[in-house]
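Build out the structure end to end from the sequences listed, making use of the hints.
Spelled out, the chains give:
2 protein chains.
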Amino acid sequence: MLSFDMIEYQNRLSKTKQRMAESGIDVLLVTDPANMNYLSGYDAWSFYVHQMLIIIIDEDQPIWMGRYQDASGAKKTTWLYEENIIPYPDYYVQSSVYHPMDFIGEILKQIGQGNRYIGVEMDNYYFTAKAFERLKQSLPNATFKDADLLVNYVRLVKSDQEIDYMKRAAKIAEQAMYKGTETIHAGVRECDAAAAIYYQLVTGTADYGGDYPAIVPLLPSGENSSAPHLTWSERKFKEGEAVIVELAGCYKRYHVPLARTVSIGKPSRKLQEITPIVVEGLNEVLDTARPGITCNDLEAAFRNSLKKHGIQKEARLGYSVGLNYPPDWGEHTASIRMGDQTVLQPNMTFHLIPALWFDNYGIEISESFRITENGCEAFTNFPRDLIIKDPFQRNQHGGIIS
Amino acid sequence: MLSFDMIEYQNRLSKTKQRMAESGIDVLLVTDPANMNYLSGYDAWSFYVHQMLIIIIDEDQPIWMGRYQDASGAKKTTWLYEENIIPYPDYYVQSSVYHPMDFIGEILKQIGQGNRYIGVEMDNYYFTAKAFERLKQSLPNATFKDADLLVNYVRLVKSDQEIDYMKRAAKIAEQAMYKGTETIHAGVRECDAAAAIYYQLVTGTADYGGDYPAIVPLLPSGENSSAPHLTWSERKFKEGEAVIVELAGCYKRYHVPLARTVSIGKPSRKLQEITPIVVEGLNEVLDTARPGITCNDLEAAFRNSLKKHGIQKEARLGYSVGLNYPPDWGEHTASIRMGDQTVLQPNMTFHLIPALWFDNYGIEISESFRITENGCEAFTNFPRDLIIKDPFQRNQHGGIIS
Chain A
1 MLSFDMIEYQ
11 NRLSKTKQRM
21 AESGIDVLLV
31 TDPANMNYLS
41 GYDAWSFYVH
51 QMLIIIIDED
61 QPIWMGRYQD
71 ASGAKKTTWL
81 YEENIIPYPD
91 YYVQSSVYHP
101 MDFIGEILKQ
111 IGQGNRYIGV
121 EMDNYYFTAK
131 AFERLKQSLP
141 NATFKDADLL
151 VNYVRLVKSD
161 QEIDYMKRAA
171 KIAEQAMYKG
181 TETIHAGVRE
191 CDAAAAIYYQ
201 LVTGTADYGG
211 DYPAIVPLLP
221 SGENSSAPHL
231 TWSERKFKEG
241 EAVIVELAGC
251 YKRYHVPLAR
261 TVSIGKPSRK
271 LQEITPIVVE
281 GLNEVLDTAR
291 PGITCNDLEA
301 AFRNSLKKHG
311 IQKEARLGYS
321 VGLNYPPDWG
331 EHTASIRMGD
341 QTVLQPNMTF
351 HLIPALWFDN
361 YGIEISESFR
371 ITENGCEAFT
381 NFPRDLIIKD
391 PFQRNQHGGI
401 IS
Chain B
1 MLSFDMIEYQ
11 NRLSKTKQRM
21 AESGIDVLLV
31 TDPANMNYLS
41 GYDAWSFYVH
51 QMLIIIIDED
61 QPIWMGRYQD
71 ASGAKKTTWL
81 YEENIIPYPD
91 YYVQSSVYHP
101 MDFIGEILKQ
111 IGQGNRYIGV
121 EMDNYYFTAK
131 AFERLKQSLP
141 NATFKDADLL
151 VNYVRLVKSD
161 QEIDYMKRAA
171 KIAEQAMYKG
181 TETIHAGVRE
191 CDAAAAIYYQ
201 LVTGTADYGG
211 DYPAIVPLLP
221 SGENSSAPHL
231 TWSERKFKEG
241 EAVIVELAGC
251 YKRYHVPLAR
261 TVSIGKPSRK
271 LQEITPIVVE
281 GLNEVLDTAR
291 PGITCNDLEA
301 AFRNSLKKHG
311 IQKEARLGYS
321 VGLNYPPDWG
331 EHTASIRMGD
341 QTVLQPNMTF
351 HLIPALWFDN
361 YGIEISESFR
371 ITENGCEAFT
381 NFPRDLIIKD
391 PFQRNQHGGI
401 IS
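If you read the protein sequences in the order shown, they are chains A and B. Numbering of the first sequence is given in the UniProt record's numbering, commencing with residue 1 and proceeding in unit increments. Numbering of the second sequence is given in the UniProt record's numbering, commencing with residue 1 and proceeding in unit increments.
Keep in mind that the hints were calculated from the coordinates and are not lab data. Only a predicted model underlies this, so the values are computations on that prediction, with no experimental measurement involved. Ideal placement from N, C-alpha and C gives every residue a C-beta, glycine not left out. There's no promise every hint is true.
Chain A stretches covered by chain B per the calculated footprint, using a threshold of three residues with CB under 8 Å from any CB of chain B [unchecked claim]:
hint : segment
1    : 58-70
2    : 205-214
3    : 224-235
Written out as structure tokens, the structure reads:
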């Protein structure tokens, strides 16, 4: 069931250990599900309970620790020896008395790691304040170090196999955008368009199946299009409204996000005016992107393009993207924004989403791209423009279907 | 856009403040998205950045703090005055320099809360180890208290309106189970069945739209049915295999989970033998459930039923369920397990999932139910048995469609 060959996993592990050595970390506790998957192959919806992958700098194999009933999934999805899969009993789950970190700390002591330098992913969703407190209590002789994003930075440059998976995710994203936006008409409920999009994202193509995206499809419509992270409702689309559709195709946990703005009928004057400005800025960034320059330079390209039209944007324009689990498909490393001095390298992958939100409307037209040897390449091939729809659904004779 | 009337929100807030007073907490920092929604109505996929709802014991209104671009969603979805919606600038997002908790701590000091007793949800996914560290640094004169699950326990007994939403979620769950399992045949890919299920979950019914469930549909098949939390793959179902389908209908963030086991063709002898045992145990629990007894008593009913057949189950049998966001639809309060002394009251709601997993197969048949005045009532109406399918998809004349 492994998605990559063993050489690739070993390569990831050795890069991780190198960063551990540079940071003076002997033992790394990996709680980010994407990092767990990256290093071991582990893939299950079990991150709602405490679990981790333990990398010991002088041991060949990582150790998986998690809930008893999930050990079976760990055996099936990872390359680890069975003896390195150590489950905790079920009474540790969501208990007011026991905490999984008590168990994990005890095991770490038993295997002689209790007095070492231990790295923890301090700002990861799945490493809570209490997890850290209990771990510190359990390991009083350990020295804890912040290893947040240590593995995420190893993930920044993708392998060819990862790029191949992202290309498949891109096909799924394109298809979901086509078939999803096809359903958007006046009178259709937001949830029905969301269902059509979800169907395509999950069924994938005839050649490869889709995986669940780390963020649900977002499609705020009408006045809600000024609020980027609202999810769908039972509300019906209306003629003249705009709908923002942000989705990601996902293949083997690798994401390619794509956003477009749909106008149901004739776009408002404001939307007509702003669209070419956003597209021009987007193109400027894609024309600028190449190895050797920085994320900061990409942001400057967009800012200068926008400045000609007297518009400013404060929020970041994009972020590194790839392997992930809910609640975010972004990798939390490089951001396309002012001051980010990450130097671009071939096979870095980004979602560029220079969205603009105003008081009662917004626009999103995005591209996911990879840095190539001498420029960049968009993952998806979808018209980089507003999608203008006939407001009504029509039968084959052109009659309106109500 | 509010899902409940103001009296219900005020009632929730006053119960929360009462628990705060009992725990000696002046200021409660609510980071669990379900708790934020419960108290304020806030509903958006923005929990991948730091955000919170602040309840001050001697102030009428909570304060929402989150990312700048999400303030617009907070204005649209909550009952809060606009001046109580305080966004932080975008440069705080996923930055190696700035942290949103620095901003939030500073505001708390400015509004005179810097030296009070502050409750934090210590084991919530969205309150990371680093969030707590930065908050403590920012508020050196505050005294922090663990307020984990404080609001979750207020949520334990549902209102009639909440039960009504769960009944709608139940209809969605039933329909997704019918239409989803209809697609399961030998030769069909897991992802295609998952897509059919997802479509139904999101489109909902003609009367009300579906919302996204906090956990994706799980449908491990064949040998993978022994690993409960594996998600779908591109693998094709085979004749003679079992498929476990666990899903939840969701309406306005309220969940009703439902699990069934599907046999593609004639079930294995093991599955035939174990099914009536699980159903009998399930029925025993439902016959036992009533106000005044405890979760521990429910577990005992199941354990005694199983003991007759020489089978033991270690894992918990179920948990309180209702309002939630990814990554879990369980409420993390009452568990149906040995030693849980929660006394059942009318309108408590549970997902009873006495799953059994063996080395290379598993079975799940579950029911979500609410405690009534003198017993309990299942939310869904779906045959409480193995679903046995014709292994092949057939056309109207009975011919096999390959």
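Consistency of the hints with the structure:
Counting residues of the segment 58-70 of chain A whose CB lies closer than 8 Å to any CB of chain B gives 3, which reaches the minimum of 3, so the coverage claim holds. Taking a C-beta to C-beta cut-off of 8 Å, the segment 205-214 of chain A contributes 5 residues in contact with chain B, enough for the three needed, and the coverage statement holds. Requiring three or more residues with a Cβ within less than 8 Å of a Cβ of chain B, the coverage given for the segment 224-235 of chain A holds, as 10 such residues are present.
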